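Protein sequence lines correspond, in order, to chains A and B. Counting in our numbering, the first sequence runs from 1 upward without gaps. Counting in our numbering, the second sequence runs from 1001 upward without gaps.
All clues given are correct.
Simulated restraints, written as ranges between beta carbons of each label pair: (1) A:Asp-141 <-> B:Glu-1247: 32 to 40 Å; (2) B:Leu-1051 <-> A:Gln-195: 42 to 50 Å; (3) B:Thr-1064 <-> A:Asn-95: 25 to 33 Å; (4) A:Val-98 <-> B:Glu-1048: 31 to 39 Å.
In silico EDC-like links for lysine to aspartate or glutamate, alpha-carbon gap of 20 Å or less: (5) A:Lys-102 <-> A:Asp-92; (6) B:Lys-1067 <-> A:Glu-99; (7) B:Lys-1055 <-> A:Asp-268.
Note that these hints are calculated values from the structure, not bench results. Bear in mind that the values here come from a model prediction, so they are computed numbers and not experimental data. For every residue, glycine included, the Cβ atom is placed at its ideal position computed from N, Cα and C.
What follows is the residue order along each chain.
Number of protein chains: 2
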Amino acid sequence: MQRKSNFRDVFYVSDGTAITSETLGHAVLAQFPVEIRQHTRPFIESVERALSVQKQINHTYEQTGVKPLVFYSIVLPEVKEIIEQSQANLYDVLNALVEPLKQDLQLEPMPKLQRSHSIERDAASYNDRIAAIEYTLAHDDGISLNNLEQADVILLGVSRCGKTPTSLYLAMQFGIRAVNYPFIAEDMQSLKLPQAIEPYRYKTYGLTIDTERLVEIRNGRYANSDYSSQRQCENEVHRVEAMFRREAIPYLNTTSLSVEEISTRLLDISGLRRRMC
Amino acid sequence: MQRKSNFRDVFYVSDGTAITSETLGHAVLAQFPVEIRQHTRPFIESVERALSVQKQINHTYEQTGVKPLVFYSIVLPEVKEIIEQSQANLYDVLNALVEPLKQDLQLEPMPKLQRSHSIERDAASYNDRIAAIEYTLAHDDGISLNNLEQADVILLGVSRCGKTPTSLYLAMQFGIRAVNYPFIAEDMQSLKLPQAIEPYRYKTYGLTIDTERLVEIRNGRYANSDYSSQRQCENEVHRVEAMFRREAIPYLNTTSLSVEEISTRLLDISGLRRRMC
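Please build the complete structure, drawing on both the sequences and the hints.
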């Protein structure tokens, strides 16, 4: 089977979660005008599994006539050797940095299986993260405005502007306790900060979104409703943005931002530290 | 101020989210016996911000007498140049792979700002991901057992064994619709699959946990309660594991696994594809 030349099969192989290989592979491949089909092979911890992956890689090469790209991060030497014998273009994602670091630190690396996404790394920060997820779930979508003194950030905005995914991402990735509170149609007449939030206004950040995109998103949920109408969306966005300005709440337009971008920008604005997990 | 020699300040610098630099930096540093203090500087998109980061790096060097480590992924040439003039050990996290890829693909890279974690990358998969988060939230902790035909996985287990963080991680990172359902004390007498789940048993996976760890976690929440007692935890774990075996539901012990590890192992067992976001 012939494929067009800018099409490639990509394998991410690891004896751990393969998250590092995927992250780096995506970032590098995003720079090239190439279409990809991705295969992730985590937890390749035995010679048997390694041979099976090697076979899949070689089979893909035979099928397509084009060498697959293999991004790998493997600690076990016997597994590594087998993967490196595949008929593929091979990229060891960590090795390129290990060598210079070794020189600069004047230290020998002590590779340990699956360390970078393992629970052992730092049990305390791990527990913080789980606690942050719980806190954030309990304070999603205005469910509760109790214990706001424990919040790291309080996100405000109209319904469907990205508050919930952003809150969860902040909690999950950075161990941040995020509250989010929606302003709804009924709030529009006399829009102001809820009294419970007032004492914590220094932790509030606004999210907003272009009306056009909001109409589209809301239509995806409740088509042809008041809720998703141009008039209603425009009114809500307009009034909420005016309130952010009036109350001097810093805010961010999420229209063309991913959840990762919104989250890291909020951290950047707020000066909150990432509690890496 | 003198610090012990295996202590290093580490900067992650990017004109994007800095997520790629952080992920790779963590993975590489995990191999070295070194203590680190981390500083993340995302969205360094102007000469002005770049100079400010350069100053922070140089200041750290002056304060500690030890060169900071700088992991960076920067597209803007004028920003890159400034960071590369810092008094630090410098690691360009992508460049090491861009060169060989260029050769292998016979293509020129077309770097574009913030591409790898940007919403533009793939709008459809992005919307899938948001939908997955919503679905998963609506089906957290047994809240709803409706629309199970849309679930990708259904996680079962005792309270506090890791179901919720795992479900959210699956949704957030991989666009997977995860349902989770807890078995509680009242279920123990005649433990079985809920009737609503029965038709979808092929999508069920069990999570379990060592009793000792469960006692610890539950005590963190409700100290000295029946819920957190050794007797109750042991009983629940024992009965739920017996049911998993009786019903032939594949299960995973989460005690020493991180959320990333649980999630990627589940994907691996289930054969579900990662819908990369």
